[in-house]
Amino acid sequence: MTTQKPQRIQQLDPLVANQIAAGEVVERPVSVVKELLENSLDAGARHVTIDLERGGTQLIRIMDDGRGIHADDLSLAVSAHATSKIADLTDLAQVRSFGFRGEALASISAVSRFTLTSRTAEQERAWQIQVSGRDSEASIAPAPHGVGTTIAVQDLFFNTPARRKFLRSERTELAHIEETIKRIALSRFDVGFTVHHHKQRLLHLRAAEQQDQSAQEQRVAAVWGKTFMQHALAFEVSSGGVRLGGWVGLPEAARSQADRQYLYINGRWVRDKVVSHAVRQAYGDRIYAGRHPSYLLYLELSPEDVDVNVHPAKQEVRFHEARQIHDFVLSRLQEVLAHQTMPLMVTADADEVGTPVQTQRPAKSFPKGPWEMEPAQTTVMQEAASHYAQDIAPSREKKTTAQAKKQSENLLTQPTRIAQWPGHFLLAEFKAQWLLVDLVQTHQAHVVQQLQTALNVQGSVPTLPLLFPATLTLSETLIQTATAHHERLNVLGFGIDMLGPDTLAIRSMPAPLVELAAETAVTCALQHLPADPKIICAALADLSAQMLRKTKKPLSTEQVDALLTDIAQDLHEKPSANAGCNKRWRLLAPADLLQLLQ
Amino acid sequence: MLPPPSAPSSPTTLLKRAERLAGQSLQQLADRYRLPLPVDNKKAKGWIGQLLEHCLGATAGSLAEPDFPQLGIELKTLPVNAKGVPQESTYISVVPLLELHQMTWRSSNVYKKLAKVLWVPIQSDPALAFAARKIGTPLLWSPTTEQEQALQADWEELSELICLGQLEAITAHHGRYLQIRPKGANAKSLCWAIGPDGEKIQTLPRGFYLRASFTAQLLKAYYLFA
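Going down the list, the sequences are from chains A and B.
Mapping the first sequence onto my numbering, position 310 (from 1) lands on 310, and the numbers just tick up by one.
To convert, take the position in the second sequence, counting from 1, and add 598; that gives my numbering.
Because the hints were derived from the structure by calculation, they are not lab data.
Keep in mind that the hints are not guaranteed to be accurate.
What the hints assert, rightly or not - List of simulated lysine-lysine pairs, DSS-like, C-alpha gap at most 27 Å:
#, chain 1, residue 1, chain 2, residue 2
1, A, 583, A, 431
2, B, 614, B, 818
3, B, 681, B, 818
4, A, 273, B, 681
5, B, 681, A, 553
6, A, 550, A, 431
7, B, 643, A, 550
8, A, 553, B, 818
9, B, 781, B, 643
10, B, 681, B, 640
11, A, 550, B, 681
12, B, 781, B, 798
13, B, 641, B, 681
14, A, 182, A, 199
15, B, 818, B, 643
16, B, 710, B, 681
17, B, 641, A, 552
18, A, 431, A, 574
19, A, 574, A, 553
20, B, 798, B, 681
21, B, 681, A, 552
All of these numbers come straight from a predicted model, not from anything done at the bench.
Taking the hints into account, I'd like the entire structure generated from these sequences.
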């Protein structure tokens, strides 16, 4: 039995941390090739030569004719988070270079015997820095080299046996490297590439001019084989700042594997489900189930519309408007594939190629603007439409807006609820006093006030339809009253139709009288007619209060809020409102409570 | 059988006509037009819709057009319980699985169907005998700006999922007011759709449905509720 000491937390040694980070960037030889090639392209290389030995495990040497690295920066180049590609976070939103995190060289040099030789155009001679794993000191010395940079990575993972164990056979590692080089070669036609493995030439691609389509197609044929090129359709379409071009394989070029589906977004090779889905959908039934189309697509859009900082290996992106991109790719490719009646050979003219689709502006210009395929959207409803809704039920809407207006006009202190009794009593706190409210009586006063204000101000009480009209059978006298005073009932907010000699239908009711059954309210109003509307209002409110006491139905939160606002309003207008005669509510100061207890 | 009235000439005519039906029971209406009440309860829902179309003079037989094509108005019955609350979602339209990618909200069939609706509440408290159930007060409605924004947001979210091949990932929980559910007589009736990799797949037909919470809010806003 051993007792273990508790493990304490310690700061990691920077060198160890660097090696851990290196494991994330440098997983296998192909990661090194990718990072170094992208550095060469970012440095403006016109030709890159890659020499490999034992699938890259023994040697990866990449030689370019780019700008080179200044001698003073050499040691900085191999330290972590050093980069010339971005300076601050704002640059991150606009990333156009391949690398940007500034960890590639530091990581690679931490797990290999690393040599970097470089010369800028201004320097008279080249300088070389050597690093052998994390333990050794970097040494810098002059060396012979033309303008540009050569990086040699030898014995990858010589100091991390755990990582070395995970390497596959040389063949497999080489296949991965070749695939990566092909992806890059098809994204940069303007750069030449030469690849050797054990001095045997695997690939030799001359730089092709931007406008020289046949030279570009020769490169595609060299990388993907002549068969693809013979069954491919060149195209280029653009719309609202988005440009899509490249070659789509005809159904004859479909394969049993989805291995020839290259997509570049702003020059970067990516895997993207949105675009690949749209492409497959565009082929539709042209390709049998189980076969996969071949395509080489270049999508260009404003860097603000796509997030490249999603995946550490930068092979995934996220569109800000995925749906629009999908629709664009789908609809345009459907058009292109529908025109496949004119097969295009390797030698096809650029003009002929362009016929089925629109012509382009240069790839790198991104005019800002709405998507073309989406009609201008307005969220404003047509006038007619909102007019309908208002025709039907103006009252509820008006009521709420009026309330809101009232509340915003006087920002009064609202009483804070403390407790509510089932029997319609409420205790609230208001300006350090207790407020005791008889909700039913206050509500009754509120209803009277609402009805009378509506009559005085609008000339009639707002009405709300009943979900199902109620029918009411009445005595002949009352039916006669209803017929005679139909107009007055309308003014009070009752919508009534005669159904027969002793029956009427109630279609709508005064909005403030929600508690009252329609039949009860109408009968009450008819019994009081032809009295003054004010008397009828008071009678209806009284009936409403009786109904509340009888049913013990609690008032809704909104109703109680409206009552409390009323009280606050009263107290604001006449602070003496609390005095004696008011039986609806009462403010209780500590002295009142003391008196109550004695 | 009483001949149906001619097609209404204006929204007001239609609304007046529907208002006259309000408060009447299914039995009363069936008697007036000499239509037999449905024997099979399963067909009752469709029967009410047909009865109202008949009584209001709806002409469009096809599903693509609104029920009153010249007015652009869609007729929707809305079964409610004893408290006046809708208990089930309302079917709007079929989900055009293969054409959705060509549509925008305003060109969608959902928008076309919901731009102008004549809602007719129907009593459907199970305690009430079918023949005794009443027709409610009609509501001629168009979405308010807020309602349309909410519906559009749902529609766009759902159609994006479908366009990107995520159809099978959509459940009835997606969408605040608008939902997508399988629609079909049984699990054997299949139709074509676009699958997760962009290929064509066979799947159950789907429909757009308006949640009961939406129609409940609608009724609350326009009718007197205790």
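### Query
Taken at face value, is the distance from the CA of residue 681(B) to the CA of residue 641(B) at most 27 Å?
Status holds; Cα separation ~24 Å.
### Query
Quick one, are residue 182(A) and residue 199(A) close enough, alpha carbons at most 27 Å?
holds, 19 Å
### Message
Would the hint linking residue 818(B) and residue 643(B) be met if the CA-CA limit is 27 Å?
### Response
Answer holds: residue 818(B) to residue 643(B) is near 23 Å, not above 27 Å.
### Task
Quickly compare the C-alpha distance for residue 641(B) and residue 552(A) to 27 Å and report which way the hint goes.
violated, 42 Å
### Task
For the pair supplied as a hint, residue 798(B) and residue 681(B), confirm whether the alpha-carbon distance does not exceed 27 Å.
violated, 46 Å
### Query
Quick one, are residue 614(B) and residue 818(B) close enough, alpha carbons at most 27 Å?
holds, 22 Å
#### Entry: Distance restraint between residue 553(A) and residue 818(B), which requires alpha-carbon spacing of 27 Å or less
Cα-Cα ~19 Å, so holds.
### Task
Measure nothing beyond the straight line between the CA atoms of residue 643(B) and residue 550(A); if it is 27 Å or shorter, mark the hint as holding.
Judged against 27 Å, a Cα distance of about 39 Å means the pair is violated.
### Query
Given the hint that residue 574(A) pairs with residue 553(A), does the C-alpha gap stay at or below 27 Å?
Violated - the C-alpha atoms of residue 553(A) and residue 574(A) are around 31 Å apart, more than 27 Å.
### Task
Would you mind confirming whether the straight-line C-alpha gap from residue 550(A) to residue 431(A) stays at or under 27 Å?
violated, 33 Å
### Task
Compare the distance between the alpha carbons of residue 681(B) and residue 553(A) with 27 Å, and conclude whether the hinted pair is satisfied.
holds, 15 Å
### Query
Straight-line Cα separation of residue 781(B) and residue 798(B) no greater than 27 Å?
Distance of about 19 Å is within 27 Å: holds.
Going through the hint list in order, the structure does not satisfy hints 4, 6, 7, 16, 17, 19 and 20.
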